Every structure is written in C-alpha cells, then in structure tokens.
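Peer 1: Just so you know, the sequences run in chain order A and B.
If you count by our numbering, then the first sequence holds residues 1 to 327, one letter each, in order.
If you count by our numbering, then the second sequence holds residues 1001 to 1116, one letter each, in order.
Rather than coming from a laboratory, the hints here were simulated on the basis of the structure.
Incorrect hints may appear among the rest.
[Said to hold, decoys possible] Distance condition first, Cα-Cα at most 27 angstroms in a straight line; then the derived BS3-like pairs of lysine-lysine:
no.: 1; chain 1: B; residue 1: Lys1085; chain 2: A; residue 2: Lys310
no.: 2; chain 1: A; residue 1: Lys76; chain 2: A; residue 2: Lys310
no.: 3; chain 1: A; residue 1: Lys310; chain 2: B; residue 2: Lys1055
no.: 4; chain 1: B; residue 1: Lys1051; chain 2: A; residue 2: Lys76
no.: 5; chain 1: B; residue 1: Lys1085; chain 2: B; residue 2: Lys1055
Model, not experiment: these values are computed from the prediction.
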Amino acid sequence: MSRLMLQRLALATFVAIVPGSNVLAHCFVGGRFFPATLVVDDPCVADELSWPTVSYFRNGDTPSAAEVDVAVEYSKRITDTFGVSVGSTWTHLRPPDAGAISGFQNLESSFKFQFLTDGAREFVMSAALGVEWGHTGSAAVGAEPFTTLTPTVFLGKGFGELPDRLQYLKPFAVTAQVGYAVPTQSSTTAIDLDTGLATATPNPQFLMYGGSFQYSMPYLKSSVVDLQLPEFVNHLIPIVEWQLQTQTSNFNGEERTTGTINPGVIWVGTYLQVGAEAIIPVNSASGRGVGVIAQLHLYLDDMFPTTIGKPLFGSSTPTSGKPSFGN
Amino acid sequence: MRTTAIFALLSPLILGPTSAYAHAYLDSANPRVGSTVASPPGQVTLHFTQKLEPKFSKAEVRNAAGARVDAGSSASGSMLRVSVKALPAGTYRVHWRVLSVDTHTTEGSFSFRVGR
C-alpha cells in the first residue's frame, strides 16, 4: 500500500472517530444497542466490517505454541433482516521446539436471518448457517481439508424492563448463541510419511455455545439516569464473553470441552467501535496463560448509508405516516 | 489486477464516508434523564446527536398512570421539543422515536420526576 493510500486511510479513520464523540449506531433493538462482540457473534444482521481482529495467546497444542491471529470479516445485508458475511484469518504459530509457521485458516461464511425483533422488550433473535470451507486454508496452521456446517441460533435481551427500584441493573444485557458443527466428512485419511500406511482420523461433531454479559453506559445515560459522567465513559460497554465447544460424537480422544472466557471493554463511537478483551482458557486443552484480543469494527451502514451500507433489496426508510409508539 | 480489486473493495473506506450522518441518539434532555425537578417544566427538550427528519420524529410524555400529558412535539435540526401541560408532582415517562436524515430510525424512553 502506498504512502498516499496510508495517509488517506488514516484520514478516513480520523474522520470516522472525531465526530463520533456523541453517537452510537448499528444493532438497535428498541432503545437497546447491542455492540458487535469480539469472540461470539451479535444477534443482528448489519453492514459491518471487522478490520482487523488481532489476538495473541498460547494455544492448547502439546506443547503449547504462541499463536497470533489476524482476522477480517465483512458482513452485508441483502435485505433488512437477511445478511451474509465472509471472513478470513491469518495465523502465525511459534511452537517452542520448531520454526514459526504462518498461513490462512479456511475461509468462513455465514448466512443469517434476523427473524424476531421486539423493541419494547429489547429482545432479538436470529438464525444462521455458518460454513467453514474445507481446503481453502493452509494445513500447516491447522486448516481442515473438509467443510464444516454450523447452524446456529442467536438471541439478545436487554434488562430495560426491570422495575425502577432496580434502575442501575437496567443497562445490563445478555446475548447467547447455540450451534451444532457438523463436518461434511466423518473422518480424514492421511498417509504416514514414515510408514506409508494410511491412517483415518475421526472428525468430531461439536456443540458450540457462547454468549456475552454486558453493561451499557450509553444506555445508563440515555434511558436510566444521566450522571453527567465524562463523555468517554458514556461510550463504554464493559463486557464478558464466553465461547465453548463440546465434542458430541466421533470423539478424537482429546478433552471434550474447550473454550475461553473473555472479560474486556468496548468503546462505541459514531462510525466505529474499538474493543479489547483478555483470553482466559477454561482448561489446558484450550490454551495456556492469558491472551489478548482487540478489534476495530466499522459500521458501514452509518459510514455509507446511501451506498454500500444499505441492504441490496428493500429499505428501512419510511415513505409515509407518522412514527408510532405502539400504544 | 489483484491490487486494483483490493483498492476497489476498500476505496470507500480510504476515500472516507460519503456523508456525516448516522443513527440519531439521545445526547441530553431537559429535564435531565432520571432527574428530579422542583418545579414543573413548560416543555421537555431532547437533543440528539444527528439532524432529524421532522415528519418522522416525535415524542410524547405520559404520567405514572399511562395517560398522555403532552400537547404534541416538533422537531427542528437535532432537537425535539415536547409541550407539556401543567404537571403536578409525580413521575413522568418520555417516549421518543426519531428518524435521522440518513434514514436510520432510533427510539427510546426515560423518566423524570416533578416535586421533591
């Protein structure tokens, strides 16, 4: 990338950040805003770009290797409630007893339908089919030679309905997701280079589950009580995410459940958000020590509302009538 | 070819947003969100972070019994004004729903209290 392009990119980022000292955007459900989460997916469809998501941790290999992942994900609404996303991850591994290895993981895509949005109850649900495309990544960094399909259900719920005597709990919200990962091949056959013998490795199916627990300072300010806190604080959403997977069939003999817990914070601006979280493995098969993940996330629907940030078909633009509160 | 394709994909980001609009979010209100005011306000004003489409932006005020106590609202620029009748002591809830000039709709509500 040339110096001129880098300057323009820096300028675009500056333009995106500076006017953003006041506003939120993106996944609104009634008065509730669900930020894009770093480890699990949020329950909405949207025009958005996570670019990049960078993580560093010691993985669950034996012996454990230092791993750096740099990921990008682009999501596009086809209609107001249906969207697709495409993502790719570059992995750099540094095992303790071998040279460094780098390469791309398999290409991933998702087809998501947001089928329920209840603003009054701050409740949203969606369903998606995730596809990890086999043979599109580098086997050296662990990309599988088979495709995996993962149907998943997502939900988000804000606590704004709590009684006023519990007003300081109203900014809380949860998101959750449950999916089931099914490899398109039950086993993978490889030739042992030393013996020349073919060996079959089972490809297990997984129950995938995770979620987030978040406290929205923007919600506190705009819907509960304006404590006149510093503006920076009013844009923060402290959050804990968790992501787990459990082998349910075709076990390969390893630890059946792996995953991480990720406490951190997200700062939300007008056109983008920035988040950082710790990566805490739930057991030794999930990793060693504490890692870190950080993400820059762009709201394309707010940055480019009339071009690439709007659905390909249909529009949320009202054409007539007055807004209704439904009561 | 590959460089051109990458630039085409990223050019909207590199060249910057096409407009400076986004979702309109409640920035401040008078009476303040969650506050208690000693004397009843003559109107409730809501300040948003973006300019509003007046035709599609409105707010209303209801008392603790759910009855409307406002006399209508009007939007101008990024501000929404709600005229209210003489408010006796009590708790009131403001519901708002607005459309920013880039067609994004947002909504929300908050309470304030009149009296000590």
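Peer 1: Against this structure, judge whether each hint is valid.
Peer 2: Consistency of the hints with the structure:
1. B:Lys1085 / A:Lys310: violated, 41 angstroms
2. A:Lys76 / A:Lys310: holds, 8 angstroms
3. A:Lys310 / B:Lys1055: holds, 22 angstroms
4. B:Lys1051 / A:Lys76: Roughly 26 angstroms separates the two Cα atoms, so the pair holds.
5. B:Lys1085 / B:Lys1055: Holds - the C-alpha atoms of B:Lys1055 and B:Lys1085 are around 23 angstroms apart, at most 27 angstroms.
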